[in-house]
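K.L.:
Produce the complete structure using the sequences and hints provided.
Quick mapping for you: the protein sequence lines, in order, are chains W and H.
Letter 9 of the first sequence, counting from 1, is numbered 8 in numbering that gives the first Met the number 0, and no numbers are missing.
Letter 256 of the second sequence, counting from 1, is numbered 255 in numbering that gives the first Met the number 0, and no numbers are missing.
Treat the hints with care, since some could be wrong.
Claimed, not checked - Some chain H residues close to chain W (C-beta under 10 Å, calculated; not the full set):
1. G203
2. A240
3. A241
4. E248
5. H252
6. S256
7. G258
8. R260
9. D292
10. P324
11. Y325
12. G326
13. S327
14. G328
15. S348
16. E349
Quick caveat, the hints were computed from the structure, so don't treat them as lab data.
Think of the CB as a built atom: it goes at the ideal place given N, C-alpha and C, for glycine as much as any other residue.
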Amino acid sequence: MSLKADFTAELASTPTFSGGCVTLRAAEANRRLTCELVALDTMACAFDWLALHDDKLAGLGLDRLKQVADALSRRLTYLLEPITPIEVDPQQCTVQLRSNPPQTGDDATCYYELLVKRTGEVSLCRYRARPGALRERVPAHVTREVLLRLADDLLAATP
Amino acid sequence: MVQRINHDHSRFRQIVRGRIRDNLRKYITHGEMIGRKGRELVSIPLPQLDLPHFRFGQNGSGGVGQGDGEVGQPLGPGQEQGQGAGQAGSEPGQHLREVEVTLEELAEILGNELELPRIEPKGKANIDELKTKYTGIRRSGPESLRHFKRTYKQALRRQVASNTYNPADPLVVPINEDKRYRAWKSIPQPQANAVIVYMMDVSGSMTDDQKQIVRTEAFWIDTWLKSQYNGLEIRYIIHDAAAREVDEETFYHTRESGGTRISSAYRLCVDLLGRSFPPDEWNVYCFHFSDGDNWGEDNETCLGLLRDELLPRINLFCYGQVESPYGSGEFIRALRSGFKDEPEKLALSEIRNKEGIYDSIKLFLGKGR
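P.N.:
Encoded structure:
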């Protein structure tokens, strides 16, 4: 069974809940897909983070990581805001992608942050920043289909 | 006797200064005037009423004339009425007049309005530097300094006295004895040296709007510090994950995509000061602007560099955190918790938007160091 099929089955077999958290895991030879859900119902879910660990990403050069980031930016067009590469850190060999532009409300700014790291990890979270306060991670709300599509795109964008 | 025009001009300057003072907050947040900064003068647009004045019409389009025509016959073809695009507006127009004030005047207004304390310079204030000033006239000197008016008057006086001047043929020819030259004097002036080091984060998360805020604030800081010191050196450092020293143009117009490592700028600043500006001879001011989105464990490194290397050797360190579109800057919080009793030499300011520049300048320069 493919990693995506595993992940789909895992999501389908998880009973609906709200409150607490459940970690979905799917793995194959050199890739692991993990998602920490904080709510799930029949149509949608909220996740704290979604991460893919791919051994093939580990040790890649910065240019190659940038290509992965660009590919992700092109694919993830269906979230609340478009995501684009913002910063590249050559020391940690990490590419940071964020919502561009972020969603600005009356009292807070919300945005997705996606990190592509040389450690082999690609992770997606959503943050909220209120004026004068530290930014905090907030659950990202998506339908079940969008979550599966996200997982599929993470898998497809990595080498 | 003081001429009336001088009196009027002085009154006009007073009105202009009053207007600038009243609207200083607006002008401070007004970035466009900086673009018109001349060598010593700054243009400030002031709203004003248009005074009525005569305007010349087009020649040959009317008036009184003589000729063979009959009464009632048009004098000329006149201008055809054209059809312009769009409709006339219903809002009143804005009348803007630009006046020029010197940077010294602007600094004085800024200082008074923001109640900025005068700075007590350290270091070389007791060392004199010689300044030359033209103070008189003498009979010998280089031709380039010849005073033509005085020379002419002297020649004229000589010719009149010797009865060789002919009013019908007013030819005045100076001879060597008539020539007069400007004389100068060297005046010792106490010299206080200051260096400003501007550091700016140009990483991918710093937008053009944020850089404009930095530019505006830097202009006012320059204006004030220049009014306080005779010799002012300005150095510029930009950084993302790595830092480098650049010129002013590059400083304001560079955008990189690298990650933010503030410690790289602080390290370069320490090197620069150690290499070129000994702290016992220079008044050192460091201004750092960033969105505060520092990567990883770099905050600790920055605190160490600030505490051990920078603060002991400078007059003032100012950190301005310009709010990024993501509102995610946390470096100022790290500084506040790292320096809980916020030392006198440290000034921290959060600049949310252009309107925040005024208070930020007041905070930075209000320390009087």
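K.L.:
Check each numbered hint from earlier against the structure, then list the numbers of those it violates in ascending order.
P.N.:
4, 5, 15
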